[in-house]
Amino acid sequence: MRDTTSMRLRGPRLEHRTNERRDSIPILIRYSHVFPALFCLGGGARIRLLLSGPPFELWCRARGLTCLGSGDRLKDMLILAINPGGGSTKVAIFDGPKTALSETVEHPPNQLVRFGHVLDQYEMRKSAVLSVLDQHKFDRTRLQAIATRGGPLRPLPGGVYRITPRVAADIRHGEYQTLHASLLGPLIGFELSRELGIPAYFVDPESTDEFRDIARVSGFKGIHRVAISHALSCRTVAQAAAKKLKKPYQKCRLVIAHLGTGITVAAHVGGKQVDANNANDDGPFSPQRAGSLPLSGIVRACYSGKYTEAAILSLFNNKGGLVSYLATDDIRRVEKAVAGGNKSAELVYRALVYQVAKEIGAYVVACEGTPDAIVLTGGLTLSERFVTDLKKWLAPLKLKLFVFPGEEEMSALASRLIAVLSGKEKELSYDKETALRG
1 MRDTTSMRLR
11 GPRLEHRTNE
21 RRDSIPILIR
31 YSHVFPALFC
41 LGGGARIRLL
51 LSGPPFELWC
61 RARGLTCLGS
71 GDRLKDMLIL
81 AINPGGGSTK
91 VAIFDGPKTA
101 LSETVEHPPN
111 QLVRFGHVLD
121 QYEMRKSAVL
131 SVLDQHKFDR
141 TRLQAIATRG
151 GPLRPLPGGV
161 YRITPRVAAD
171 IRHGEYQTLH
181 ASLLGPLIGF
191 ELSRELGIPA
201 YFVDPESTDE
211 FRDIARVSGF
221 KGIHRVAISH
231 ALSCRTVAQA
241 AAKKLKKPYQ
251 KCRLVIAHLG
261 TGITVAAHVG
271 GKQVDANNAN
281 DDGPFSPQRA
291 GSLPLSGIVR
301 ACYSGKYTEA
311 AILSLFNNKG
321 GLVSYLATDD
331 IRRVEKAVAG
341 GNKSAELVYR
351 ALVYQVAKEI
361 GAYVVACEGT
371 PDAIVLTGGL
381 TLSERFVTDL
391 KKWLAPLKLK
401 LFVFPGEEEM
411 SALASRLIAV
421 LSGKEKELSY
431 DKETALRG
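Numbering follows the working numbering, in which position 213 of the sequence shown is assigned residue number 213; successive positions increment by one, without gaps.
Honestly, I wouldn't trust all of these hints.
[Said to hold, decoys possible] Within a straight-line C-alpha distance of at most 27 angstroms, the following computed DSSO-like cross-link-like pairs (lysine-lysine) qualify: (1) 424 <-> 272; (2) 98 <-> 243; (3) 272 <-> 137; (4) 398 <-> 247; (5) 272 <-> 358; (6) 391 <-> 336; (7) 424 <-> 246; (8) 426 <-> 243; (9) 272 <-> 243; (10) 247 <-> 272; (11) 243 <-> 391; (12) 247 <-> 424; (13) 243 <-> 126; (14) 98 <-> 126; (15) 336 <-> 246; (16) 98 <-> 426; (17) 272 <-> 343; (18) 137 <-> 126; (19) 319 <-> 336; (20) 251 <-> 426; (21) 244 <-> 272.
Calculated from the structure, these hints are not laboratory results.
When you get a sec, could you build the whole thing from the sequences and use the hints?
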């Protein structure tokens, strides 16, 4: 057969470049108005397709082909976004970057207590996702891709990953760093992708690990600082801040603070999250988590005979912080108590603001140079009083400060997936990354 550098078909335009491998086997093409199919025999040719719709683009991506020039069509792609949290499951449908449907299904403690293990919640959480679609009479067969929160998987660079059988198997077999409901996202995404015949991806997992080696040293041999953070939220607002600065994200130095029921403060340098507190281990206390604690107090609690290992971890991570002091994780109730003259509530509230500000100051140093900005996000930033009080502590730093109130994770799932499918961001391989890292 002749070596063809370009062919024109009715519908798609195919560019077959063979200048990289002269020994590539030519391409066999079958095309129909219903669903075109292309088979590339051999691995040498670089193939670029310009096609007429997201379904075929995704079909090609699943087979290692790259579709270019499809940005406009990807704006109309229907994406299911899934974000399981400790006490809720967030579900959204995106028509391209626009939200077509969004709902949060709450899971009260009396519903979750009957499950002995977080992963035992799988069927209940999956049913919650499908029930949202059914309640809105949304035909799930119209979906073209799925994007989920990643969870605390194995250590990985930040990015967008295809959910493969290996991902699902690792979660089911306990190959993750800590147990959290967000691990259910890739499991649900994987099963729905098989049922619907569409691809599923996870984005910036909590186990995103781009730490400098110096950031891993804890202070005691054999115990290492582990990268577990609100990586998706942090990366999302970091990129948004870079746009405000009119500067490439990869050239920015930023301190990011995700302030929710758990808190992450991170240093982003050169497009990477080079250091961050572990929301389950250290840093400021939060509405639910104890944060950094005096070591001697932890040891005494562990040897008191009152707690099992699981119980004390749950105590520090779910019943710490505001819950421990004030029996609530709702900042609005705390502020109401402060306004009513509750001195205990006032002290704890002021301590929360103080500890967050102190942590942000530490991560200014971690930027290894003057940060371009401090960036705040998360549920606590919906409180004007909290943000105002925090700004007072940060004012001496004389740095730009951006606030993105609430959480941007759901829209980030869709926008990052679109960035990958349009070729603006590289798709990463979980299987390859885990093999490289052992």
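Against the structure, the hints:
Taken as a hint, the residue 424 and residue 272 pair is honoured in the structure, with Cα atoms around 17 angstroms apart against an allowance of 27 angstroms. For the proposed pair residue 98 and residue 243, the alpha carbon gap of about 19 angstroms is at most 27 angstroms, so the pair holds. Distance hint between residue 272 and residue 137 is unfulfilled; the C-alpha atoms sit about 41 angstroms from each other, more than 27 angstroms. A hinted pair counts as satisfied when its Cα atoms are at most 27 angstroms apart, and residue 398 with residue 247 qualifies at roughly 19 angstroms.
In summary, the hint linking residue 272 to residue 358 is supported, as the alpha carbons are separated by about 22 angstroms, within the 27 angstroms threshold. Proposed proximity of residue 391 and residue 336 is supported: the alpha carbons are some 20 angstroms apart, at most 27 angstroms. At roughly 18 angstroms between alpha-carbon atoms, residue 424 and residue 246 fall within 27 angstroms of each other, so this suggested pair holds. Distance hint between residue 426 and residue 243 is fulfilled; the C-alpha atoms sit about 20 angstroms from each other, no more than 27 angstroms.
The suggested pairing of residue 272 with residue 243 holds, with an alpha-carbon distance near 16 angstroms, which does not exceed 27 angstroms. For the hint pairing residue 247 with residue 272, the CA-to-CA distance comes to about 15 angstroms; that is within 27 angstroms, so the pair holds. The suggested pairing of residue 243 with residue 391 holds, with an alpha-carbon distance near 22 angstroms, which does not exceed 27 angstroms. Straight-line distance between C-alpha atoms of residue 247 and residue 424 comes to about 17 angstroms, which keeps the hinted pair within the 27 angstroms bound.
The hinted pair formed by residue 243 and residue 126 fails the criterion: a straight-line CA distance of about 36 angstroms is larger than 27 angstroms. Restraint check for residue 98 and residue 126: the C-alpha separation of about 23 angstroms stays at or below 27 angstroms, so the hint holds. Among the hinted pairs, residue 336 with residue 246 is inconsistent with the structure: their alpha-carbon atoms are about 39 angstroms apart, more than 27 angstroms. Using a Cα cut-off of 27 angstroms, the hinted pair residue 98 and residue 426 holds, with the two alpha carbons roughly 22 angstroms apart.
Distance restraint check for residue 272 and residue 343: the Cα-Cα separation of roughly 41 angstroms exceeds the 27 angstroms cut-off, and the hinted pair is therefore not satisfied. Of the pairs offered as hints, the one joining residue 137 and residue 126 holds, with about 17 angstroms between alpha carbons and a cut-off of 27 angstroms not exceeded. For a cut-off of 27 angstroms, the pair hint linking residue 319 to residue 336 stands: about 21 angstroms separates their Cα positions. Taking the CA atoms of residue 251 and residue 426, the gap is about 18 angstroms. The hint holds against a cut of 27 angstroms.
Distance restraint check for residue 244 and residue 272: the Cα-Cα separation of roughly 18 angstroms lies within the 27 angstroms cut-off, and the hinted pair is therefore satisfied.
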